[in-house]
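Undergrad: Sequence:
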Amino acid sequence: MRNSNTNNWRSTALIAGAILTAGVVTTTSTTDVHADNSQNNAQVSNDQVTYDQVRATADQQLAQLQSANDSKEAQQATANEQSNAADLAQINAQIDQLKASHAALEQEQAGAIAQAQASTAASIEAQTSAANAEYQQQINAQQQNEATQRAANDQQYAQAVSQAAENQQALSDAANTQTSQAQAAVNNYNSAVAKENDAYQGKLSAQQATNAENVKNAEASLATATANANKPYEVATTNDVAVTGRVAKPQTDVKVPDYVAKYGIHLEVRGYNGAIPVSDYTYPEFANTYYGEYPDSAVITNKAADSTPHDISEMPLDFQPGLLSYDTKNDHSEKVSADGLTAAQVQVLRALALSWENRFRNNVFQNYREFYNAVNKNDGFVNVAPVDLVSTDFADNIANQVVANRTKYNVDNNSHTVISSGMPTEATYSSIINNATQNLQKSLTSEFNGKTVYTDVNENLTTMQAGTPTLLNYAINLYNSMQGMYYGELVNPTHIGGHAVNLLRAGVRTVGIGFQKLTDEMTAKNGSGVSDRKNPSYAVTFDHVGFNIDHDVNLTKEVQNRNVWGTSTVDAQLNAIKTAQYHVNKVPGTKTVTPTATDVQKATASEQQKLANVKAQAQQSLDALASAHQANLNKLEQQYNDAKAQVKANYDTAVTKAASVRDAALKATGAVDLQAYKAQLDSAYQNLVKADQVAAQKLAADRDAKIANIKKTENAKLDAKINELVPSIDPQIKQLQDQHQAVITHGDAVLAELKAENKAAYNKLAEQFNVQLAAIQQREDAKRANEVRLANNTVVLPTAVKAANDGNVDTVAFPTVTNRLQAETTGRVQPVSAPSIVKTATQTPIAVAPVVTQTAAVAATTNNGTQTRVASTADNKATKADNNEKSVVKADTVAKKQTPAKKSESSQKVDQSSMSIVALAATALLGTLGITYSSKKRHN
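Count the sequence shown with the working numbering and you get residues 964 to 1903, in order.
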């Protein structure tokens, strides 16, 4: 069995970096000194030195003390905040617990509260009715008194008139009639009111009994609903049950016969051919995978059960290092006819091979990164994960055309689809790919004008055979062969086989996997690697296609993810295998549910609403009775008022008639005028009416006050009853809030005390240094008191006697807590030193190494790279030997054009940017010394 690969190479560029070397820069200073004053200018007072030292010590110690004080205060403040937060959380929890208990008690006593409310409403209604009746009786008594007084007045007036006229009897009759009619009206009204009150009281009692019964029934219904809602119940459920199918696991500790081990492992490695001992493998587990290129039924002797799949659904989609075993007795896959694989079977094998290629790329990237980076070091994909390959109708067309051309030109399984295999240029795999992608190439070249668009194409080739004509046997053979073709060629990062290199290229995006049925003539050739010729054997080609846009990862991946590579043709096959290996079944079941308080609340919401409605309807019925009763009373009162008005009208008519007769008689007889007497009587009557009106207002006010007091008293009783049933929690909440406020107050007091102590300590230390510095300043001032500067000379005057305890020395102000960064010379006179002139050091130009670009065409015997510029093609092939002969390398003449690579603007910008960073760093360093420099960079 043979694996082989071929690829095209692209040019590479090596860039030499520039090294910036900086020497030690020194500065010098000169002082302009004159002989007559250099000695004096250079002197510095010992007291001045001492003063500066003490002042520096004071600033340092005070700053340290203030920093320590700030830290302690911050810690105390943090402790206060944490304590307050913890206490607040505890207090709030206790308050929430009180509220929850209070709410639960209210719910529990809801029935008793409703009953108390109904009883209170009934009591208020009864007492209000009684107060209204009492008021009406008082008003009636007033009216009766007024009528009596009016009658008496009329009688007195009539008597007076009778003395002067002969018609007194008429007035008397009118008065009697009025009195009897007024009394009849009062009696009728009182009787009707009493009858209405009795009827209302009967209706009220009956309605209250009905209301109480309705509330009782609603409460019983709610209790039953609550009990039912609290009962656990069963509900139907659907559980997700994961079903994991059997998946074979590859084994790496394969055992082989001695003759195979002695024969040795032969690999094709770029620049190196020959037997590669296991010790040369960076990862030893890769070595045994090479045995996958031999028919496993004849070579592997320790066939592990868990490494033996029984059907296609048990084939691993992953591609870890290791081989699979085959057991013909446990093969449940479909048969392959003597005519070979069907189109559907080819798609299954394409789906598996695609998954294995992708898993190999990802596994190497994730776990064996050094191999991946070695392949892609010049392509821009170092440490960048590859995009998965796809098998699409676009790729299938390429693969099918490759198979057709190989069959047409009789190319065997040891030869690639290249010119050297005896086919014309237009039949080679590279020509097929170029024809298929030419429109896409043109589009990309136009789109990325100014950038280099590289084609990434290559072909891998292996052989697939089966001792038993089943799809599973072919799949296992292909899996093991690909293990040797890929993992078997990962020796170390400097020795990677061509097949592995081709697959690890990150620029490829699609793979066309072709299955060429071999003829008997091909399988009979020496070195064909086919051990069993009873069943059809196949040359399997892997033609990879992709583009790399200017070695730019982002641009390349963006193109790879475009919808330009066709539609996948293996999704159904992959999904079928994935589903068999893992899927989720829905299994019905039941579970017991214990209702929560919320569930009970929701379940009984309707009954609770019904109870509330019954109570509301009960109150509404009582209100309706009271309203109807009051309307009847108002109607009776209106009837009574109408009757009184009619009685008065009748009386007034009779009096007017009698007065007319009387006046006529008196006038006729010349009797005295009775109008004055009549006016007197009327005035007395009006005064009575006014007094009654005032009294009536007071009666109404008393009645209203009495009714208000009734409501207040009854509601107070109701509140007391409710408070007895559900005591208030406000005092407890107030007590908890006061406790929390006490915690906050205590923390604030502790922090304030700490700040006061810290401030006192700081002020004390500052005062100590002030005393010390004042003494030093006093000595310095005493020394300089007798010195006088004349031009460049100093004249010392005779010393005057001065008290040692001169009190005119100013205290030095140290930095306060809010402003600690005052100048050290504040409040002091500093001696002037000789001027210093700084000269700029001589700057040596920085040497910059030129950037070197090298373009080389790398030619390799067996492992050629696969990136070429668009429209440049090259065909090579690499073959791998079977167990009977060493590798034989046949290569076409490769024409490679060597052209000096042009540095793109982007690469120049990178060089300039990187050198600019170094120059800026050097400028920043030298600038701190007052030195500037300039540099120039050369580009080749």
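Read the hints as simulated data drawn from the structure, not as lab findings. One thing to keep in mind: the hints can contain errors.
[Stated by the list, open to error] Derived Cβ-Cβ restraints for the label pairs, each shown as a range:
1) Ala1301 - Gln1329: 31 to 37 Å
2) Asp1351 - Val1241: 30 to 36 Å
3) Ser1082 - Asn1055: 48 to 54 Å
4) Ser1082 - Gln1700: 32 to 38 Å
5) Gln1283 - Ala1306: 41 to 47 Å
6) Gln1404 - Gln1283: 43 to 49 Å
7) Ala1037 - Val1204: 53 to 59 Å
Note that beta-carbon positions come from the ideal geometry of N, C-alpha and C, so glycine has one too.
Undergrad: For the hint 32 to 38 Å, verify it against the beta carbon of Ser1082 and that of Gln1700.
TA: Because 36 Å falls inside the window, the suggested range holds.
Undergrad: Do the Cβ positions of Ala1301 and Gln1329 conform to the proposed distance bound of 31 to 37 Å?
TA: 43 Å, violated
Undergrad: Is 30 to 36 Å a correct range for the gap between the Cβ atoms of Asp1351 and Val1241?
TA: With Cβ atoms ~32 Å apart, the hint holds.
Undergrad: Look at the Cβ atoms of Ala1037 and Val1204 and judge whether their distance stays inside 53 to 59 Å.
TA: 58 Å Cβ-Cβ, so the 53 to 59 Å window holds.
Undergrad: Go ahead and decide if the range 48 to 54 Å is satisfied by the Cβ distance of Ser1082 to Asn1055.
TA: Distance hint for Ser1082, Asn1055 is violated at roughly 38 Å.
Undergrad: Indicate whether the distance between the beta carbons of Gln1404 and Gln1283 respects the range 43 to 49 Å.
TA: 36 Å, violated
Undergrad: Cβ-Cβ distance between Gln1283 and Ala1306: within 41 to 47 Å?
TA: Roughly 30 Å apart at Cβ, these two residues miss the hinted range, so it is violated.
Comparing the model with each numbered hint stated earlier shows that hints 1, 3, 5, 6 do not hold.
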